[in-house]
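Top line first, the protein sequences correspond to chains A and B. Mapped onto our numbering, the consecutive letters of the first sequence carry residue numbers 1 to 149. Mapped onto our numbering, the consecutive letters of the second sequence carry residue numbers 1 to 149.
Some hints here could point you the wrong way.
Where chains are identical, the list cannot tell them apart; a pair therefore holds if satisfied intra-copy or between any two copies.
[To be verified] Derived DSSO-like pairs (lysine-lysine); straight-line CA-CA distance at most 30 Å:
(1) K145 to K45
(2) K145 to K74
(3) K111 to K45
(4) K74 to K45
(5) K145 to K111
Worth flagging that the hints you see were computed from the coordinates, not collected in a lab.
2 protein chains.
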Amino acid sequence: MRYFEDFHVGDTFDLGPLTVTAEEIMAFARQFDPQYFHTDPERAKDSIFGGLIASGWHTGALFTRMYVDGLLSKMASMGSPGLEQIRWLQPVRPDDTLYGRLTVIDGRVSKSRPTMGILRLNCEMFNQQHELLMTFIGINYVGRKPEAS
Amino acid sequence: MRYFEDFHVGDTFDLGPLTVTAEEIMAFARQFDPQYFHTDPERAKDSIFGGLIASGWHTGALFTRMYVDGLLSKMASMGSPGLEQIRWLQPVRPDDTLYGRLTVIDGRVSKSRPTMGILRLNCEMFNQQHELLMTFIGINYVGRKPEAS
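Bound-form chain A, shown alone (with noise of 0.2 Å):
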């Protein structure tokens, strides 16, 4: 398990890989973001995307994934209060093979809770050609070492 105090400016973490598939970019876009260039392959061709792209939400709920598969679900996550500055900057595409990179920006310990710490991670996913798709900085309480508590 990683505690608050192992984490350290300057880490970084590789996450992923992770497919994502036609269906499952219009069965996400199907339930939350309905608009045609996430929905109907046909009509997408027509976009200014030129095709299906996956909701930018499900792009972030994906990143997410390999995030808790990666790294969260062996920290001592105590959840976020946000995130700042999200950029979609190239979109997810059916078949894309998808890599996460976190990189720790800042942490300090909570005034209110000292039990926990708050880390800023600096969090950029990839596709398969290693084209830059989504930015944004998260903000993640972690609980301290039961020690230095």
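Dock chain B against the given chain A, drawing on the hints supplied.
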């Protein structure tokens, strides 16, 4: 169809309602965010949240569903480059009925693509007790009126 020119600073739009069940919260989380306070109602009682809560990405996706149904499907939307300052202030819990409110913060014509405008929207999500659950600033590309561009 609502174009860029049809939006003015201070305009507000009410969204919802949309009710979310425990089964939906768990189904999303099993796929994208399998942390126990999103997937296991019994274990979640012992978490800092005191019970099952929706993933933050699910919360954002639910807002998006209300946005698409209430406004985006009637807008000349051309996608979004990103979001700012997501804050999860209170969690979404099983059987919550959700509402949204959008407020236009500012808008400008794109320099690189003069056929579209860029809107910034203050986005708020509430529950049935009028508690503010989530805020963020959305950025939307919107087509200009055919005669304007």
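Each hint tested on the structure:
Taking identical chains as interchangeable, the C-alpha atoms of K145 and K45 lie at most 30 Å apart only when they sit on different chains, with a minimum of 22 Å there against 52 Å within one chain. Taking the shortest alpha-carbon separations for K145 and K74, only the intra-copy value of 14 Å comes in at or below 30 Å, while the best inter-copy value is 51 Å. With identical chains, the CA atoms of K111 and K45 are at most 30 Å apart between copies only, with a shortest distance of 25 Å across copies and 51 Å within one. Taking the closest pair of Cα atoms, K74 and K45 come within 30 Å of each other only across two copies (20 Å); inside a single copy the shortest separation is 41 Å, beyond that limit.
In this assembly of identical chains, the alpha carbons of K145 and K111 lie at most 30 Å apart only when taken from the same copy (16 Å versus 51 Å across copies).
Checked against the numbered hints given earlier, the structure satisfies every one of them.
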